[in-house]
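Peer 1: As a plain string of letters, each chain reads:
Number of protein chains: 2
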Amino acid sequence: MNDSNTKKCRIAVDALGGDFAPKHEIIGSLNALKESNDFELILVGNKDKILQTAKDENLSIDENIIYHAPEIINMHDKPIDAIKNKPNSSIVVSAKLVKENKADAFVSAGNTGAVAAVSTLLMGRLPNVERPTIGSFFPSKNNATFVFDVGAFVDVKPNHLFGYAILANIFVKELYNIENPSIALLSVGEEDEKGNKLVKETAQLLRNSNLNFIGNVEGRDILNGKCNIILCDGFVGNILLKFGESVPGFMKHLLKQHADKNIFEKIKIGLFKNTLKKALSPLNPDLYGGVPLLGINGITIIGHGSSSPLAIKNMILRAKEMYNKNLLSKFEDSLKNYAEKK
Amino acid sequence: MNDSNTKKCRIAVDALGGDFAPKHEIIGSLNALKESNDFELILVGNKDKILQTAKDENLSIDENIIYHAPEIINMHDKPIDAIKNKPNSSIVVSAKLVKENKADAFVSAGNTGAVAAVSTLLMGRLPNVERPTIGSFFPSKNNATFVFDVGAFVDVKPNHLFGYAILANIFVKELYNIENPSIALLSVGEEDEKGNKLVKETAQLLRNSNLNFIGNVEGRDILNGKCNIILCDGFVGNILLKFGESVPGFMKHLLKQHADKNIFEKIKIGLFKNTLKKALSPLNPDLYGGVPLLGINGITIIGHGSSSPLAIKNMILRAKEMYNKNLLSKFEDSLKNYAEKK
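Residue numbers (my numbering), protein chains in the order written: chain A, 1 to 342; chain B, 1 to 342.
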């Protein structure tokens, strides 16, 4: 196993993915290059549109880094139809670049379902992976808390969750330098007998492994940072993720509502705004950027439709780190190890 | 059907339930009486302890309102064993008072599982109820958003969720004066085809009913107040509830962490504390008090172990309102209606 890749990472960035494409994608990509020029950028999308936007924004861009892909998959397109109906879309073309070894990683703020489905279908799964998974970073009192799965699959079996644990373990260990990440199952109580069938059966598998399984945790333990990796099915994970993402907006709503009641309170809130923003900055999803799709034979990072340039930049740097640390072959080795023990 | 009860409501308050019992229970109960003396209070618990605490707190209490129950069910007791092992506990005795028509409602901040199990076993279910359910209020941009179920049962079937909808519909309609509460299923996307088997099958039942079913909502729609009633199984609901409850504490942690960095920021946060507290007051669970256990042949409201006197007071007033508005017979009528249509 190579501990690190020495070749420069080539990253295909879907320039036409997000709600503010290609502007945020271009700015984010150029900022990533400014921060670290040890990767090769490939901007995938409509060439004219990319050049025009760069001109409008007074950004200088090398034409050669653009890979023309005229079609766009929008948020309403059905993921499974994407490859057939829009073969020249930025998403399909980007994933193909990875499949054909013309790129090492793919970053997109486009239609999540389409990015996940196209990546999985074109790049294929790693050996011994039944189901790929999407993991999301949650801010917590602990610095690294990840929830797997947050939306790849809603109906899952115990061995799927166990597979997520193997992938998540390598991911968190390598990217966060945590030797033996703690892993828990999300449930309705800490006691072993509490939970649904999926939780109880997965607990058996985890207990019999050499993963650092600490048992069940509850909803409150996510933000409290009780462990590094929290496992659940994609139905629960997706609902939690979207609920969590809606919290800052709801706080803003409550502050605004309060400010509207009284001019003095309004002034106070105005004066305090920056402090509050700084204090609550760990809640800003852009700092993390996007979520990794693990279990596929390639590196794909998926961002929000509303990704800011900061988010795009961070997604690119994360993809580069995954490549540089040779995560794919580490996943493969670990998966093989567990498969042999069965 | 009687639209309202004219007899004075008799409320059994578990005086030894919560973490701060009996102090919070006594203060909350007396405050409820101060606010509205049109109910009869029965404080259930160890008589000496209640009288001693009242004395320590300089509160005058009429000895006759105490119903002696010397045993205590603590947070570690197994719910199902409670009736057999601790028949003289405040929880079992309170539920028995309702069963024997010596009380009309039961309010407790004790062991949730025990309160739910004992209430269900002793009071029994209403006709046509397969499963009782616990519903929780969530703060939202809309004023009334309830999630059912938040923890009564983790493995459920579509007809159970449909039953929750019937109960929740009456509860929200009567207590919040909303003529036709909007009802949605919690899922991973708004589209009908998104969701797990439970969601898809329950949607069929709801679509064929005359309930105001608006389709699927996502995790973000809870705080956004997209509808009045959100249905999910107790596994998802319980995780969400506990996650949501942990949010204010996490905010505090982030503010403290930020304050510790810099004395000026610390001062600013100190000055702003009250405004923030007021603005975010809708997040205070004590305002709502507790969660109702619906579907049983009685009125039971369950509070947090850490319930404040304010929470206890509000739980009592809510129980009284449920009784005064004759909710039990309204539940029964509605359940019968739907059963006949089958």
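To be clear, the hints were calculated from the coordinates, so they are not data collected in a lab.
Heads up, a few of these hints could be off.
[To be verified] Mimicking DSSO-like on lysine-lysine, the simulated pairs with C-alpha atoms at most 30 Å apart in a straight line are:
1) K194(B) / K266(A)
2) K200(A) / K200(B)
3) K157(A) / K96(B)
4) K99(B) / K277(A)
5) K336(B) / K242(A)
6) K78(A) / K194(B)
7) K277(B) / K273(A)
8) K55(B) / K278(A)
9) K266(A) / K197(B)
10) K197(A) / K194(B)
11) K194(B) / K194(A)
12) K252(A) / K268(B)
13) K242(A) / K96(B)
14) K23(B) / K252(A)
15) K273(B) / K242(A)
16) K273(B) / K277(A)
17) K78(A) / K141(A)
18) K194(A) / K99(B)
19) K278(B) / K278(A)
20) K173(B) / K256(B)
21) K252(A) / K197(B)
22) K256(A) / K256(B)
23) K242(A) / K99(B)
24) K226(B) / K96(B)
25) K277(A) / K96(B)
26) K200(A) / K336(B)
27) K226(A) / K200(B)
28) K268(B) / K266(A)
29) K278(A) / K252(B)
30) K141(A) / K330(B)
31) K273(A) / K8(A)
32) K96(B) / K330(B)
33) K23(B) / K278(A)
34) K273(A) / K336(B)
35) K78(B) / K273(A)
[Said to hold, decoys possible] Just a few of them, taken from the derived set where beta-carbon distance is under 7 Å, the chain A residues facing chain B:
36) I61
37) N196
38) L223
39) N238
40) K242
Backbone N, C-alpha and C define an ideal beta-carbon position, used for all residues, glycine too.
Peer 1: For every hint, state whether the structure bears it out.
Peer 2: Hints versus structure:
no., hint, result
1, K194(B) / K266(A), "42 Å, violated"
2, K200(A) / K200(B), "25 Å, holds"
3, K157(A) / K96(B), "42 Å, violated"
4, K99(B) / K277(A), "53 Å, violated"
5, K336(B) / K242(A), "37 Å, violated"
6, K78(A) / K194(B), "12 Å, holds"
7, K277(B) / K273(A), "15 Å, holds"
8, K55(B) / K278(A), "48 Å, violated"
9, K266(A) / K197(B), "47 Å, violated"
10, K197(A) / K194(B), "22 Å, holds"
11, K194(B) / K194(A), "28 Å, holds"
12, K252(A) / K268(B), "19 Å, holds"
13, K242(A) / K96(B), "42 Å, violated"
14, K23(B) / K252(A), "36 Å, violated"
15, K273(B) / K242(A), "28 Å, holds"
16, K273(B) / K277(A), "15 Å, holds"
17, K78(A) / K141(A), "38 Å, violated"
18, K194(A) / K99(B), "29 Å, holds"
19, K278(B) / K278(A), "20 Å, holds"
20, K173(B) / K256(B), "41 Å, violated"
21, K252(A) / K197(B), "35 Å, violated"
22, K256(A) / K256(B), "23 Å, holds"
23, K242(A) / K99(B), "42 Å, violated"
24, K226(B) / K96(B), "39 Å, violated"
25, K277(A) / K96(B), "52 Å, violated"
26, K200(A) / K336(B), "37 Å, violated"
27, K226(A) / K200(B), "34 Å, violated"
28, K268(B) / K266(A), "15 Å, holds"
29, K278(A) / K252(B), "13 Å, holds"
30, K141(A) / K330(B), "46 Å, violated"
31, K273(A) / K8(A), "42 Å, violated"
32, K96(B) / K330(B), "23 Å, holds"
33, K23(B) / K278(A), "40 Å, violated"
34, K273(A) / K336(B), "54 Å, violated"
35, K78(B) / K273(A), "47 Å, violated"
36, I61, "35 Å, violated"
37, N196, "5 Å, holds"
38, L223, "4 Å, holds"
39, N238, "4 Å, holds"
40, K242, "3 Å, holds"
When each numbered hint is compared with the structure, violations occur for hints 1, 3, 4, 5, 8, 9, 13, 14, 17, 20, 21, 23, 24, 25, 26, 27, 30, 31, 33, 34, 35 and 36.
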